[in-house]
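Those protein sequences? They're chains A and B, same order as listed.
For what it's worth, my numbering labels the leading residue of the first sequence as 1, then goes sequentially.
For what it's worth, my numbering labels the leading residue of the second sequence as 1, then goes sequentially.
Misleading hints may appear alongside valid ones.
[Unchecked claim] Here are the in silico distance ranges between beta carbons for each label pair:
{"no.": "1", "chain 1": "A", "residue 1": "158", "chain 2": "B", "residue 2": "107", "range": "52 to 60 Å"}
{"no.": "2", "chain 1": "B", "residue 1": "46", "chain 2": "A", "residue 2": "253", "range": "54 to 62 Å"}
{"no.": "3", "chain 1": "B", "residue 1": "10", "chain 2": "A", "residue 2": "218", "range": "23 to 31 Å"}
Derived from the structure by calculation, the hints contain no laboratory data.
In this text, a Cβ means the ideal position worked out from N, Cα and C, and glycines have one as well.
Take a look at the letters that make up each chain.
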Amino acid sequence: MTAVGARRGGVRPEIAARRPRRVELGLIVLIAIIVMAAYGLASLGTSASVPGNLGPFLAWMLGLFFFVHVAVRRLAPAADPVLLPMALLLNGIGYVMIARLGGDVAGGSDLAGLQSVWTAVGIGGFVSTLLLVPRVRSLAQYQYLLGLGGIGLLALPLLPVGVEINGARIWVSIGPVNFQPGEFAKIALALFFAAYLVDAGELIKNRLELRDLVPIAAAWGASVGVMVLERDLGSSMLVFAMFVVLMWVATARTMFLGLGAALFAAGGFVAFRLFAHVERRIDSWLDPWADPRDSGFQIIQATFSMAEGGLAGTGLGRGDPDRVPFAETDFIFAAIGEELGLAGTTAILMAFLILIGSGLRIALRATRPFEKLLAVGLTTLLGIQAFIIMAGVVRLIPLTGITLPFVSYGGSALVSNYVVLALLMRMSHEQRTTGDAEAPR
Amino acid sequence: MNRRIRSLGIAFIVLYTVLFAQLNRVQFVQAEAYRTNAANIRPLLREFGQERGDILTADGVVVASSVPVDDGQVDFRRVYPTGDRYAHVVGFQSFNQGAFGLEREFNDRLAGAAFEQQFESVKDLFRDRDTTGTIVMTLRDDIQQAAVAALGERNGSVVALDPRTGEVLAMWTYPSFDPNRLSGLDGAAVNEAYRSLLDDPDDPLLAKSFREVFFPGSTFKLVTAAAALDTTSIGPESPVFPTTDVYEPLPSGSPIRNFGNSTCGGDLREVLRVSCNTAFAEIGAEWVGPDAMVRTAENFGFNSTPPLDIPNAVASRFPTDYGAYLADLDVYRGDHDADPEAPSILPNGGTPIHENSAILAQASIGQNDVKATPLQMALVAAAIANEGLIMAPHVVSEVRAADGSSYEEFGPSLWRVAISPTSADVLREAMINVAENGTARRMQVDGLVVGGKTGTAQLGSDPPNSHAWVVGFAGPPDGPPEIAVAVIVEAQPGASEQTGGSVAAPIAQAVIRAAFGIDAPAEPG
Chain A
1 MTAVGARRGG
11 VRPEIAARRP
21 RRVELGLIVL
31 IAIIVMAAYG
41 LASLGTSASV
51 PGNLGPFLAW
61 MLGLFFFVHV
71 AVRRLAPAAD
81 PVLLPMALLL
91 NGIGYVMIAR
101 LGGDVAGGSD
111 LAGLQSVWTA
121 VGIGGFVSTL
131 LLVPRVRSLA
141 QYQYLLGLGG
151 IGLLALPLLP
161 VGVEINGARI
171 WVSIGPVNFQ
181 PGEFAKIALA
191 LFFAAYLVDA
201 GELIKNRLEL
211 RDLVPIAAAW
221 GASVGVMVLE
231 RDLGSSMLVF
241 AMFVVLMWVA
251 TARTMFLGLG
261 AALFAAGGFV
271 AFRLFAHVER
281 RIDSWLDPWA
291 DPRDSGFQII
301 QATFSMAEGG
311 LAGTGLGRGD
321 PDRVPFAETD
331 FIFAAIGEEL
341 GLAGTTAILM
351 AFLILIGSGL
361 RIALRATRPF
371 EKLLAVGLTT
381 LLGIQAFIIM
391 AGVVRLIPLT
401 GITLPFVSYG
411 GSALVSNYVV
421 LALLMRMSHE
431 QRTTGDAEAP
441 R
Chain B
1 MNRRIRSLGI
11 AFIVLYTVLF
21 AQLNRVQFVQ
31 AEAYRTNAAN
41 IRPLLREFGQ
51 ERGDILTADG
61 VVVASSVPVD
71 DGQVDFRRVY
81 PTGDRYAHVV
91 GFQSFNQGAF
101 GLEREFNDRL
111 AGAAFEQQFE
121 SVKDLFRDRD
131 TTGTIVMTLR
141 DDIQQAAVAA
151 LGERNGSVVA
161 LDPRTGEVLA
171 MWTYPSFDPN
181 RLSGLDGAAV
191 NEAYRSLLDD
201 PDDPLLAKSF
211 REVFFPGSTF
221 KLVTAAAALD
231 TTSIGPESPV
241 FPTTDVYEPL
251 PSGSPIRNFG
261 NSTCGGDLRE
271 VLRVSCNTAF
281 AEIGAEWVGP
291 DAMVRTAENF
301 GFNSTPPLDI
311 PNAVASRFPT
321 DYGAYLADLD
331 VYRGDHDADP
341 EAPSILPNGG
351 TPIHENSAIL
361 AQASIGQNDV
371 KATPLQMALV
381 AAAIANEGLI
391 MAPHVVSEVR
401 AADGSSYEEF
411 GPSLWRVAIS
421 PTSADVLREA
431 MINVAENGTA
441 RRMQVDGLVV
451 GGKTGTAQLG
461 SDPPNSHAWV
471 VGFAGPPDGP
481 PEIAVAVIVE
491 AQPGASEQTG
501 GSVAAPIAQA
511 VIRAAFGIDA
521 PAEPG
């Protein structure tokens, strides 16, 4: 512990807590104004009238914002002040886009109505996580349970309860409840990897034997399994990338990065040769114009949509983003690009970079390896997932169907991302109150 | 561990920077190329997402307008209340097939996207203002209806215009098509309708009045006569051309005969009245000569595209290549061994004879490779009616804002100087003579001064059939002509010089009556 850290840790928690919360409140007020204005403009843009339900919408949104802020004041008062506002900004912009894509902002489409419920559920999950997890490191003791649970959740759609939608078998339907277990599996796996690598990482750091490669081989196998059996390229890429990054951070062995990349490339190449859907994805990435009406259709429409937006966008409600298939989910970034322009997409980019920066700062300040690795893992999940889908939409990498965190429509994704956020904020709070923090260097 | 976490942070910054660069490429650097990409239907959707202005006739009849529709993709569709009557002029706006005619030419004005329309709207950004433009045509619905009724279900075209301004008053081709079938929102039905129109052997989609060329037949003799008056010593009453039944072209070629092998001759007024082939072949080939014939035809607008404000008008043709110069006329007319230095024995001197002067003889009576659009022949009549000047033909007079004020007006402008006023005067009198005493008598309307010239362009002799033509003008007794008309009825049975006068002239007469509001006299009985 350094002198600076000691001094900061010595400040009484109640006093230390006030400063970040005041900053957070200011940011939340600003974001509430932005989202409100966006909602009103989207209404004006599509129907040239102020929506009749603007009042209820505002009350609902301000209520949620106020509720979550008060909850943080009570449960994690010293936590980082920008994480929550950034998530709310992304969530709010995403909600406005979804409502606008429904065509009737005033009435609220089905998806928009559902998304507002999912937002409430997500914020419920966020508050519950803060409430139920007073100390993140206490989760480490369940590492094998979490590991098994993560694998189980990943495999769940393969059981009879699984449902195949749009070619990917990633949904589970139990009674009236539909959800994507993979969204929660990634959190369980992040916890498991972090806990596992606390000891294993230290071992491998000192001496590398062949059997130490078993875990990375297993992770690769599982990821290829997900890709092959559930046809979920995005999640497979995401979880594998997180694992490789954690291996590298824990062991200091750069070879894992190279090995991971090589394994991924090999798996990808085999999948490309063996599976038509993977081949289609790669082909439409390399040359969408070869088949502009079918396999290249999505990506070409997304490109036209973003080009239409230009620098400043067509204005909310003034564009035509529903030309792009899956505009509410996988392609919501294109919809934002069309109506808010390069300015809007850059803002989304910056919001994610701020989230990543805050997450990595938590990792830097953590004193215990478990928290360090967990913060890195969770941040990597957010950062890589956002990158994979945004880069896919702009044809930087092959397109994979995953959601843009906090922005896309989807209950499971929203809840799981809020849980990720809660875990990061919990760690941040702990660092600032218990003196368990390294001074950031 | 912290060092690697920082490296990870830098890696993220690099990844997101690359993403930002790619965003700049898509949304800024190459955005324009993507926006105008042929596969991008967004511009089209934008057009269909907004209301367009109406298209009106000069007398206020709505021929095209936007109606709101309840469709997932678009908010408006175009309807054409007058059906096929203006299809070739107005065109249509089709989601699947694009836009044609005025709908295409004036797309921006109709949609309110032209600069002045948008610029004005910046001032009242917060007011819900209609920026669409209304297009007012020069065509008059009463004249157009008369043309439609008079032509009936015969393939052909009618063009009427005001010779003083170039304003097109009527422009009709049968068969036409119903643009409503192409502006519908059922893509499959539209494509089907379009295909069946394309497959129709009569080609109803083609605006033959300005997009198809025909043999003009004897109506072209007006151009030959104009060249004679403008460039030779020929006057209305002298010289007198020999009465004959055959013209033997120089230096060689098949002889040119009159209709039904009749004999004719006389002064220019007379040979025009009876449409004498032998005299006009001689005038073109031996008096005017290649250079002046080509120059005059081109002054009338042949071999160039008229500046019509509807897209895709085509040029009429007059042949320009007559081979190498052989010798002056007098060498042929006189003794071939005559002294080339001796003075000419002919009144016009030594008109040069070329290898293909026989072609010129045929071209001078509207045969060989002379081809003209009905619009071009109306312009020939207009030039004669308007002291030799051809005003630029146009169908749109004004673009009007929603509040009735004018964004833009299209007044008269000069396109060509065809002939001198004096020659135009002589020809006008000669044409009045043709309508009073010659082949165009059935154009005559009581109370008006009418001039005309018929034509019968033979297509074949088994069975005999020909295009029946008439061109002419009409005006009040105390003023200049106010309307010039060209009528063609395609491929009529028969091949006598009377065909143009009997088939086409009554149609021109009906159009003239409508223009001046003179009812046809009640049929006796």
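Right, here's what the structure says about each hint:
The hint said 52 to 60 Å for the Cβ distance between residue 158 (chain A) and residue 107 (chain B), and at roughly 55 Å that hint holds. The hint said 54 to 62 Å for the Cβ distance between residue 46 (chain B) and residue 253 (chain A), and at roughly 56 Å that hint holds. A beta carbon spacing of about 29 Å between residue 10 (chain B) and residue 218 (chain A) agrees with the range 23 to 31 Å that was offered as a hint.
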